[in-house]
Amino acid sequence: MDCYTANWNPLGDSAFYRKYELYSMDWDLKEELRDCLVAAAPYGGPIALLRNPWRKEKAASVRPVLDIYSASGMPLASLLWKSGPVVSLGWSAEEELLCVQEDGAVLVYGLHGDFRRHFSMGNEVLQNRVLDARIFHTEFGSGVAILTGAHRFTLSANVGDLKLRRMPEVPGLQSAPSCWTVLCQDRVAHILLAVGPDLYLLDHAACSAVTPPGLAPGVSSFLQMAVSFTYRHLALFTDTGYIWMGTASLKEKLCEFNCNIRAPPKQMVCTHEFLHEVPAASEEIFKIASMAPGALLLEAQKEYEKESQKADEYLREIQELGQLTQAVQQCIEAAGHEHQPDMQKSLLRAASFGKCFLDRFPPDSFVHMCQDLRVLNAVRDYHIGIPLTYSQYKQLTIQVLLDRLVLRRLYPLAIQICEYLRLPEVQGVSRILAHWACYKVQQKDVSDEDVARAINQKLGDTPGVSYSDIAARAYGCGRTELAIKLLEYEPRSGEQVPLLLKMKRSKLALSKAIESGDTDLVFTVLLHLKNELNRGDFFMTLRNQPMALSLYRQFCKHQELETLKDLYNQDDNHQELGSFHIRASYAAEERIEGRVAALQTAADAFYKAKNEFAAKATEDQMRLLRLQRRLEDELGGQFLDLSLHDTVTTLILGGHNKRAEQLARDFRIPDKRLWWLKLTALADLEDWEELEKFSKSKKSPIGYLPFVEICMKQHNKYEAKKYASRVGPEQKVKALLLVGDVAQAADVAIEHRNEAELSLVLSHCTGATDGATADKIQRARAQAQKK
Amino acid sequence: MAAHLSYGRVNLNVLREAVRRELREFLDKCAGSKAIVWDEYLTGPFGLIAQYSLLKEHEVEKMFTLKGNRLPAADVKNIIFFVRPRLELMDIIAENVLSEDRRGPTRDFHILFVPRRSLLCEQRLKDLGVLGSFIHREEYSLDLIPFDGDLLSMESEGAFKECYLEGDQTSLYHAAKGLMTLQALYGTIPQIFGKGECARQVANMMIRMKREFTGSQNSIFPVFDNLLLLDRNVDLLTPLATQLTYEGLIDEIYGIQNTSEDFFDKLTVEQEFMSGIDTDKVNNYIEDCIAQKHSLIKVLRLVCLQSVCNSGLKQKVLDYYKREILQTYGYEHILTLHNLEKAGLLKPQTGGRNNYPTIRKTLRLWMDDVNEQNPTDISYVYSGYAPLSVRLAQLLSRPGWRSIEEVLRILPGPHFEERQPLPTGLQKKRQPGENRVTLIFFLGGVTFAEIAALRFLSQLEDGGTEYVIATTKLMNGTSWIEALMEKPF
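Chains P and R, in that order, give the protein sequences. Position one of the first sequence corresponds to residue 1 (my numbering), numbered consecutively onward. Position one of the second sequence corresponds to residue 1 (my numbering), numbered consecutively onward.
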C-alpha cells in the first residue's frame with residue numbers, strides 16, 4: 001500500500017471512514033445479487049442466499065435454491081427450497097437462519113443447512129399473508145417483525161421465547177408504507193414507518209406521528225430508512241435525493257446530505273467489503289503529518305531498524321513531552337484495529353520498542369493484544385471466514401467465538417485457541433470436545449462401536465466432559481445402542497442411571513446403580529422395575545442381584561410385609577420364613593388359636609430349614625402358650641406371654657407347687673436352674689419353713705451358699721446361719737463371713753491354711769471386736785511362714 | 001470455634017466450620033422467619049455442630065418435632081423440615097403440608113435431607129401430591145461429626161445391623177461420602193488399607209467417587225498419610241468385653257446396678273475366656289446368671305464372648321445356652337438369638353477347629369504382665385487383653401501386615417491396600433522423627449476402650465504414628481447387643 005490513508009474518507013469534520021476488502025469472494029454466482037434474497041449475519045457471520053425466490057414454477061430446475069456461505073464465500077450448505085415462498089431471510093444472534101414465508105411460517109435452519117424447527121407468526125398473519133418482514137436483534141435475542149397484507153404489524157422480540165405481539169393499527173393506512181424499520185429503545189421494540197411525507201412510531205400501545213428535527217422542506221415521500229446496529233442512529237432517504245441523519249430517538253439531527261439520486265436501491269448489502277469509522281488510535285497515528293506520540297514512536301522504531309540515529313531523536317521528543325507511556329498504549333491499541341498482520345506487527349514492534357525505555361509498563365495489555373490478534377488472525381483466515389474486528393471480538397467474548405467455531409464444526413481450531421489462551425479445561429477444551437462428541441453421534445454412517453470408541457479416545461477422562469449429555473444426544477437421534485455404549489464411560493452413576501431408565505434399560509440401570517453403592521439409586525431403579533415388569537420377572541431379576549434383593553427386603557419390611565414373605569418363599573429361605581411367622585404370631589393375632597397356628601407354620605419352616613433346635617423351641621412355645629391359656633382359665637391371673645421360668649415362679653408364688661413341679665418336669669428344666677428358681681421364689685414369699693423343707697428334699701445341686709446369700713438378702717440372719725453350716729468347705733469361709741461369724745471364718749481359714757481366705761477374713765475384721773481374731777490370723781500366718 | 005477440636009494433630013475445627021457454613025448458607029436461602037420441624041433422630045448430631053444460638057441468628061424462631069397431623073401454630077414465613085431420607089417420614093411430612101394448606105395463609109415449605117437427597121423420597125412426595133409445595137429441596141451432607149480433637153462419628157445407630165444383618169449398605173455409602181468430604185478439606189489420602197468386606201466396599205466406592213470428581217483436582221497438601229478401614233466383624237470380641245478404662249467403665253456401668261462382687265466374678269470369667277481357659281464347655285457363672293435371671297444383655301454378652309473366644313461353640317453347648325435363655329427370658333428371644341447368629345456373634349463351631357488361640361498368640365492379644373499404672377502396651381485397657389482391632393492397626397504401622405498374613409486369612413473378609421496417586425507437588429517429604437497420621441475408620445462402631453488404646457499408641461514417644469479415629473457409631477457391648485435385639489411385642 002503506497003499511502004496508508006488512501007482508503008480513508010472524511011465524514012464531517014472530525015471523523016474518517018475507511019473501507020477495505022476483507023476477502024475476494026470465491027462464490028460462483030451466476031445470478032445477479034439483486035435477483036437473490038440475501039442475508040449476512042452480523043459479527044462476521046455467515047451469508048445466506050436464496051436464488052430465484054420469486055419463481056413459483058414447479059420445475060425443479062427453477063425452484064429456489066438456498067445457499068449458505070461463510071463470510072469469505074466458502075460454501076457451507078446448499079439445498080433445494082421445497083417449502084413455500086420466502087419473503088425475507090435473516091440470521092439470529094445464535095447464527096440460525098430464519099426464513100420468513102409468505103404464510104407467516106418461519107423456518108429455522110442451522111448454518112450447515114440443517115433444519116432445526118419452525119414456528120408460526122400467528123393466524124392473522126396466515127390469513128393476510130406476509131407483505132414484508134425484518135429480522136432484528138435486541139439485547140434479549142433476535143426478533144421478527146412482519147407487515148401483513150392488511151397493513152398491520154406483528155412482531156416477536158425474541159424468537160427463542162416466542163411471544164407474538166400485534167401492534168396497534170396505523171390510522172388511515174390504506175396501502176403499504178413506503179418504508180419501515182424496527183427501532184429498539186428502552187428495551188422495547190418499536191416500528192418506525194413512513195406513509196408519504198409522514199412518519200409514524202408504533203409501540204405496543206399506540207401509534208404516534210413524529211417529525212425529524214431540521215428536516216429539509218419539500219419531502220413528499222421517504223423512500224428508505226436505515227438504523228444503525230446499536231439502534232442509536234437513523235438515516236432517512238427521501239424522494240428528493242436528500243439524506244437525513246440523526247439520533248434514532250428523532251430528537252437530534254447529526255447531518256444532512258444531498259446525493260441527487262432519486263431512485264431507491266432495490267436492496268443494499270455489504271459483505272465482502274468492510275467499511276468502518278477509523279478508530280481514534282489509528283487516526284492519531286496514521287493521520288498525515290501526525291505528531292501524536294504513537295506516530296512518533298512508530299517512526300522511531302522504523303528508524304531504529306534502519307539503524308538510523310533519527311530513532312533517538314524521535315524517542316527523545318516523545319520522552320521530553322513525557323508521552324512515552326501514551327505512545328506505547330496508542331501503538332498497542334492501533335494494532336488491534338489493523339487487519340493486516342504486517343501492520344499489526346509493525347505497530348506491536350513499535351510498542352515493544354517503546355516499552356524498553358519505560359521502567360514499569362505493565363505487560364498485560366501488550367501480551368493480551370498479541371494473544372487476541374493471533375486468535376483474530378486465525379479466525380479471519382480465508383478458510384475460516386469470520387472477519388471479526390477487535391471491538392466486535394471483545395463484545396462477543398471468547399466464549400461466544402468458541403461457540404461459533406463449534407457451530408461451524410471447526411473443533412480443532414477451537415481447541416487450539418483454548419489451549420493457546422490456556423482456558424480452564426471445563427470452559428475450554430472439555431466443552432469443545434463435548435460439542436464435537438454431540439456432533440459425532442449424529443453421523444449415522446458410522447457404526448456405534450466406532451463412534452463410541454472415537455469419542456472415548458478423544459475425550460478419555462477429560463474433566464468436565466459429561467458422557468451422559470452426549471449419550472442423551474445420541475438417544476435423541478434414535479441411537480439407543482450408542483447411548484448405552486457411551487454411558488459406559490460415564491463415571492457418575494447419578495447421571496447414568498436416570499438416562500438408562502429413560503431408555504428403558506432398567507436391568508442395566510440396576511446393575512449400574514448397584515455398582516455405585518448408592519442405595520437410593522438402587523431403590524429408585526427397583527421401584528421402576530417393579531412397575532415395569534410383572535411380578536415373576538421382577539423377582540427373577542432380584543434373584544440375580546443379592547444387594548438389590550436385600551434392599552428390596554428392607555423396603556418390604558417397612559412397606560409391604562406380604563411381599564417379604566413371597567420373597568423368602570421364592571428363595572426357599574425357610575429360616576427367614578420361620579422368623580417371619582414368629583413375628584406374625586405376635587403382630588396380628590389376638591386369639592390363641594391363631595397364634596398357635598402361626599407358630600406351627602414357623603416350626604414347619606424351621607424344620608424345612610433343618611433348624612431342629614428352632615423348630616423344637618417353637619413347638620415348646622406352642623405347648624407353653626396352650627398351657628398358659630389353661631392356667632389362666634383354671635387359676636385366673638395373668639400367664640400368657642410369661643417365659644417358662646416366670647410361669648413356674650408365678651405358680652410357686654401362688655402356692656401351686658404341684659403344678660410348678662409338673663411344668664418343670666414337662667419342659668425338662670435343668671435341676672440347677674429349678675433349684676435357683678424355687679429358692680428365689682420361696683425367699684420372696686419368705687416361706688422359710690417350705691424353704692428348709694426344700695433344702696432337705698435332696699442334696700442341693702447348687703450348693704448351700706446361695707441359700708445363705710438369699711436369706712441375708714431378705715435380712716434373715718437366723719435362717720442364713722442354718723444353711724451356713726451346710727456349705728461345703730470351699731465356700732465355707734465366704735458363707736461364715738456373710739452371716740457375720742468372723743471368728744469361725746478365721747478358724748476355718750487357718751485350718752485350710754489358705755492365704756487368700758486368710759486375707760479375706762482379715763479384711764472383714766473391724767475395730768476392737770475382732771481384734772483377737774485378727775491377732776490369731778497374724779500368728780497363724782507367722783507360723784506358716786516359719787515352716 | 002470449638003477449642004476442643006483443634007488441639008489434635010489434625011484440626012477438626014476445619015470440618016466443623018465447613019458444615020456450619022453449609023448450614024448457614026441453607027438457612028439464608030430461606031429468607032425471613034422460620035420454624036424447623038425436626039426428625040427427632042437428628043437433634044443429637046445437630047447439637048454437636050450448631051447450637052440454638054446459631055439457628056436463632058438465622059431467624060429460626062420455632063422448633064417442632066416431626067409428628068403426624070397438623071403442625072403446631074407458628075407465625076413464621078418458612079417451615080423447614082430437617083429429615084433423614086426415609087419413606088415413613090415423607091408420609092408424615094405430606095400429612096403436615098396438606099393440613100397446613102387447608103389452614104389458610106400460605107407459608108414457604110422447604111426440606112433439608114440429612115445427609116443425602118433421595119430420589120426415592122422425592123418420588124414418594126410426588127406421589128402424595130406435595131413435592132411441588134417445597135421451594136428448596138436440598139441435602140446437608142452431615143456424615144462425619146467431630147466429637148473430639150481426634151474423634152469423628154457418623155452416629156448412625158443402625159449401621160452395624162444394616163450392614164452385617166440386613167445387607168443394606170446405605171451407611172457404607174454415607175461413610176464413603178464422608179471420607180470424600182474429609183479429603184476435600186484435608187487432602188487426598190495417599191494410601192488406603194483395609195480389612196473386611198465392608199471395608200473393601202467403602203474403598204471401592206471412594207475410588208469410584210474420585211473418578212466422578214476428576215476435574216476438580218484437589219490441591220490441598222495431604223494431612224493424613226493413610227487410611228485404615230476396619231470392619232467391626234473382623235473384631236467382634238473387643239466390644240463384648242467389659243471396658244476397664246475410666247471413660248469405658250463409666251460408659252459400661254452407667255445405669256447398670258451391679259454388686260461389686262458380681263462385677264468381679266464377671267470380669268474373672270471374661271478374662272478366662274479371653275486368655276483361652278475353659279471356653280469349650282458350659283460356664284457355671286453364665287448358668288447361674290441365667291438361673292438368677294440377670295439382665296439378658298449381660299448374659300448374651302458373656303455367651304457371645306465365649307463363642308467368639310472359641311471360634312464358635314460346640315453344638316451341644318450352644319443349644320444348651322439357647323434353650324436356657326429361651327426358657328428363662330421367653331421364647332420371643334429366638335429372633336434375637338437368630339440375629340446374633342447371623343452377625344456371627346453366636347455360632348456353632350464348624351470344622352471342629354478353634355482358631356482363636358492362633359490369633360491370640362500371633363497378635364499377642366493376651367498379656368499376663370500388665371502395668372496399669374504405667375502402661376507399656378495397649379492391653380492395659382482390658383487388664384490383660386489387647387483389643388484385636390487396635391493390634392491390627394499397630395502391626396500395620398510397624399512392621400506391616402505382611403508379618404501376619406496367616407492370621408489375616410483366618411479373620412473374615414479380604415485385606416487390601418490401595419494407592420491414590422498424588423501430583424508431585426503434593427507428595428510429602430517427612431522430616432526425621434515426624435509421626436505419620438493414620439485415619440482409622442471403624443465400620444460398625446468403636447468402643448471407648450479402643451479409642452483409649454489408640455490414643456495410647458499416638459502418645460508413645462517412639463510410636464511413629466498418630467491416629468484420628470472415625471466410626472459409624474460410638475458404642476459399647478451393651479448398646480451394640482441391644483441394637484441387635486428384636487422384641488416382637
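In short, the hints are calculated from the structure, not lab data. Where hints are given, some of them may not hold.
[To be verified] Pairwise CB distance ranges (calculated): (1) P/GLY654 x R/HIS4: 51 to 59 Å; (2) P/PRO463 x R/LYS314: 54 to 62 Å; (3) R/ASP462 x P/GLN371: 52 to 60 Å; (4) P/GLN785 x R/ILE277: 44 to 52 Å; (5) P/ASP684 x R/ILE277: 30 to 38 Å; (6) R/THR65 x P/PHE538: 46 to 54 Å; (7) R/GLY352 x P/LEU527: 41 to 49 Å; (8) R/GLY132 x P/GLY172: 22 to 30 Å; (9) R/GLY44 x P/ARG453: 49 to 57 Å; (10) R/ILE220 x P/ARG453: 30 to 38 Å.
[Claimed, not checked] A few chain P residues facing chain R, derived, Cβ under 7 Å: (11) GLN224; (12) SER579; (13) ARG583.
[Unchecked claim] Here are the computed lysine-lysine pairs in the DSSO-like style, where the Cα-Cα straight-line distance is at most 30 Å: (14) P/LYS530 x P/LYS565; (15) P/LYS616 x R/LYS29; (16) P/LYS565 x R/LYS293.
None of the values given here were measured: they were computed from a predicted structure. Glycine included, each C-beta is placed from N, C-alpha and C at the ideal position.
Structure-based check of each hint:
1. P/GLY654 x R/HIS4: 51 to 59 Å: holds (58 Å)
2. P/PRO463 x R/LYS314: 54 to 62 Å: holds (59 Å)
3. R/ASP462 x P/GLN371: 52 to 60 Å: holds (57 Å)
4. P/GLN785 x R/ILE277: 44 to 52 Å: violated (31 Å)
5. P/ASP684 x R/ILE277: 30 to 38 Å: holds (35 Å)
6. R/THR65 x P/PHE538: 46 to 54 Å: violated (37 Å)
7. R/GLY352 x P/LEU527: 41 to 49 Å: holds (47 Å)
8. R/GLY132 x P/GLY172: 22 to 30 Å: violated (52 Å)
9. R/GLY44 x P/ARG453: 49 to 57 Å: holds (53 Å)
10. R/ILE220 x P/ARG453: 30 to 38 Å: Between R/ILE220 and P/ARG453, where Cβ atoms are some 36 Å apart, the hint holds.
11. GLN224: This hint is violated: P/GLN224 lies away from chain R, its Cβ roughly 54 Å from the closest one there, beyond 7 Å.
12. SER579: holds (6 Å)
13. ARG583: Constraint on P/ARG583 satisfied, holds at 5 Å.
14. P/LYS530 x P/LYS565: Between P/LYS530 and P/LYS565 the Cα gap is close to 16 Å, so the pair holds against 30 Å.
15. P/LYS616 x R/LYS29: violated (61 Å)
16. P/LYS565 x R/LYS293: Outside the cut-off at roughly 35 Å; violated.
Hints 4, 6, 8, 11, 15 and 16 from the earlier list are contradicted by this structure; the remaining hints agree with it.
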